[in-house]
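Visitor: Here's the letter readout for the chains.
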Amino acid sequence: MTQLIPEIEKDVSLQKYGFNTCPLLQELKTELQNAKSEVCIERAVLMTNYLKAHEAEPVAMQRAGAVRYYLANRKAQFLDQSRLAGNSTSKILGAPVYPEFLGLSIWPELETISTRKANPQQLSKADADTLNLDVYPYWMDKTILEQTRAEKNPAPLKLMEMMVYFLNGKASVISHTTPFYGDVLSKGINGIIREADAKIAALKGSSANDQILFYQSMQTALQGIIDYAQNLAKAAATESEKTKDAKQKQNLLEIQKICEKVPANPPSTFREAANAILLCHIGVLAENANMAINLGRLDQLLYPFFKNDFDKGILTIQDALEITGCLLLKIGDNTNLVPETSEQLFGGAGSVPAVTLGGVDSEGADAINDMTYLLLRAVELLEIRDPNVNARYHPLNGETYRKRVSEVIVNTKAIPAFYNDETCIDTLENQGVKTEDARDYAIIGCVELGSAGREYSSSSSILLNLTAAMDLALYNGRRPYITGDQLISFPSGDPAKFQNFDEFKDAFYKQLQWLLTQAVDLNEIFGHMYQKYLPTPLLSGLFHGPMEAGKDLIFGGAKYNSSGVTHIGFADVTDSLNSIQYVLENKMATLGEIVQAVQNNFSSKTEKDIQKKLKAAPKYGTEDAMAVQNSKELVQFLYEAYQARTNYRGGKYRSAFWTMTNHAGLGKIGWALPSGHDANTVFSSGITPSSQNTESLTAAFNAVGKLDSRHIPGGYALNIKYSPLTSTTDKDKFVTQFSNLVAGYFMNKGMQVQFNIYSYDDLKKAKKNPEKYPNLLVRVSGYSAYFKDLNEAMQDELITRTQYDIFTQQAVPLT
Amino acid sequence: MAIFKTFLQYLLHPGKSLRKRTLLKQLDDCISGKATEKILEVLLELMSIMFLIDKSYRKNIIGFNGKYRIQDQTGAVDVSFQFASNKMTWQKAAIPNPNIAVNFKDPESICSFLFSANPDILNFVLHNKVSYAGNLNYLFKFAFMAKHLQLEFLG
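Here the protein sequences line up with chains P and L, keeping their order.
Per my numbering, the very first residue in the first sequence carries number 1; after that it's consecutive.
Per my numbering, the very first residue in the second sequence carries number 1001; after that it's consecutive.
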């Protein structure tokens, strides 16, 4: 471990520092949490205006030019007294419009979005008119989805648009990656632009016009970030003259100097480095939709600047904490713009920018440093939804760190999530990532793994509903409760005529293979359309690989490439297989009887009896051999099926299990399952065993740990709920027990775990009286959300998640 | 000049105002569940009048070209309409090469989609109340124009 400074060494929890010593953080936090989310049309208007006037340019330059034009012409403003300059939108909490993706989907809601029931977004009449009359008409035939439909009209698109089989992320976004800000911190954006100059010079006279164009587009887009910073510097100067608040005047004068220098040039101080990272993050959002654009390992990026300033005596811990808090708050200043129904499926999400702490460094040494603890304190104080904070843990990090992370989770009741370094690094190495790069992984969005700044992961390429494949097997290629007798896939046989469980299992896996093939095929088509219309020159300039390769990220310029596929209903489908096998092998019912009972949603007495038998089967989440076998088989099947496919950038597909709130939304519109699952009830989250199925916490941990993480290279979300502390609980014992349970789970090869520390009653009360719990923070299945923002299905799912007593490690009965 | 022309059209067609009131009543009836199969015809008639008499509303179709076909699975509704030359025309028959063809489950679904609190097509897809072929953005635009009339006249 890097030697901590004495004060942090003495108290890693930094309890001496709080809102009393950093009142600015409390003020900024309150402002952000009280702010109503507002639609921000600034980017959409400026980008559209530019593109209208530059339609003849090559796409790479057109895109780069539009990004620069937006950054250079957006209003440079100071919406609060933060010590860092720059905002991702023109609002305190803004939802930017990305018309090239799904920005037009709120068109019908323009006049009602401010008052809609699910997560309203404020939109003025003037801005609505601008979108309706000036912006949206230009994009009607130019969104990525409609261009794909018009040019390719791929058959799987129809299936995707039914929403209940799979969703292709590329209809709305790629993003989902971690840029590399190390170069900005060491040489500034000017340094990167000069490198591109040298590349262009070396190519002069060659026929590599595409490469030259790529480097030029990268330079143009990156220059936009400098333009924005310079405008902020000028605005700070102007504002400093106007303000009568001496403290803010001083703050603005400092901001002026900072923005004149960074990120064009390398930062020298901690505050400059933090602001440089923020401005680059804002730049990336100018080009790429605000979904899971991650900050990477902030403690590693910022530590050298902290240490240097601290040693020089120009930075105090309090100062560093305040600036760190300002950075986290700024990162969380934006949210997603989605139509109301998307709130049913993805409700309550912010923009899920992930921050990663702890773990080991590229050499395999303990990477915990002062900044790790400063960031943990800031997270503990702020308790905000975004950024999505993740703590890596390696045995070398030691117990003090593990306990501190546990303590922060206990205090915030939800954040951060815990990751097992040994398992995650091994999993990435197995994907061909070099050891030193695998060790430098950072979390993407919800829970996905990627070597920071080296891996263009597109980790949310596909969300596949596993229960749809189960339905297709049950109903011979059909889904009668949705589309009647229409053949959706292919006839895999009438289950009533199957002789045994293996025949059914074979049909299920064939249907699953068919379904995932449709989804992957469509992703490939989308990928090629992105190559044609949506290159990413700015992001490419902030990444390992494109500069050397002379290729945009979208063409495979990154050092590593992959595409992620996550799955909904893992536990429900595994349990369905368990139940069918159990009932058939024990001759308790025929497959025909099971299918009929499921199709009728267990409505008759006989069918309810069958449901009881199905429910009596061993469940995923126990250590029963059959349940373990079925879960492992499903994981392995998916792994092999995806690894067999190479994406349009030359990378492999990676399977994953995180579900955001899709498991609740799809469950609510889904049908009964052979597990005994009733129709129209939520599915299980992530890789978590079904709620109320697993009495023993140890068994649940072991069941997940037994899944080979190498077969889940996209990452997974295991959701565990603990009873909260009571007035008689010894908090230190609670935290120690918490920490030890995580260590035990990780020793058994668990990859990730995230927590909610609430009782059933706590969440029931929050559902009943949302106004009393406006900022109650929960972990969904990947990201964090405010409970009040979630749809009812998701709230119910959180309420009914098995609650374990941390000391007895037994489930608390749900009453 | 444009204002004068609009005003003149209004004066020359005093029946339009009365017709508008009648259509609004019919639209309200359709939304309330009466004669829902007439919903599109009533809506398109009303739109035609509004494009003529309301300059602000007319801006929605200035320079806009688009062809639509909307049907329902019961066969009660089959209407096509076209925006071209800053005008809208419609017919009770198919139209070649529409930008978007939408097939709702029944007339009630059309009503519900166009005049729900939030006319969100995804919700209808999720609940299997609609299928479509073509560019969804055209439907989004039409839904906005319909919703606007509802908000303006029916609250």
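Warning: the hint list may mix true and false statements.
[Said to hold, decoys possible] A short, non-exhaustive set of chain L residues, derived as facing chain P with CB atoms under 8 Å:
1) F1051
2) Q1091
3) Y1138
[Stated by the list, open to error] Straight-line alpha carbon distances no greater than 27 Å define the calculated BS3-like cross-link-like pairs of lysine-lysine that follow:
4) L/K1067 - P/K158
5) P/K768 - P/K117
6) P/K29 - P/K788
7) L/K1059 - P/K125
8) P/K52 - L/K1038
9) L/K1025 - P/K142
10) L/K1059 - P/K152
11) L/K1105 - P/K125
Read the hints as simulated data drawn from the structure, not as lab findings.
For clarity, every value in this text was computed on a predicted model and none was experimentally measured.
Cβ atoms here follow ideal geometry from the backbone N, Cα and C, with glycine treated the same way.
Visitor: Compare the structure with each hint and give your call.
Guide: These are the hints, each one checked on the structure:
For L/F1051, the suggested interface contact is broken, since its CB lies about 14 Å from the closest CB of chain P, more than 8 Å. Interface hint status for L/Q1091: violated, as the beta-carbon distance to the closest one in chain P is roughly 23 Å, over 8 Å. A least Cβ separation of about 7 Å between L/Y1138 and chain P falls short of the 8 Å threshold, and the interface hint therefore holds. A hinted pair counts as satisfied when its Cα atoms are at most 27 Å apart, and L/K1067 with P/K158 qualifies at roughly 21 Å.
Restraint check for P/K768 and P/K117: the C-alpha separation of about 16 Å stays at or below 27 Å, so the hint holds. Annotation: proposed proximity of P/K29 to P/K788 holds, straight-line Cα distance about 18 Å (limit 27 Å). Proximity of L/K1059 to P/K125 is assessed by CA-CA distance (about 15 Å); at most 27 Å being required, the pair is judged to hold. Among the hinted pairs, P/K52 with L/K1038 is inconsistent with the structure: their alpha-carbon atoms are about 40 Å apart, more than 27 Å.
This hinted pair does not check out: L/K1025 and P/K142 have alpha carbons roughly 38 Å apart, beyond 27 Å. A hinted pair counts as satisfied when its Cα atoms are at most 27 Å apart, and L/K1059 with P/K152 does not qualify at roughly 32 Å. For the suggested pair L/K1105 and P/K125, the alpha carbons sit about 33 Å apart, so the restraint of at most 27 Å is broken.
Checked against the numbered hints above, the structure violates hints 1, 2, 8, 9, 10, 11; every other hint is satisfied.
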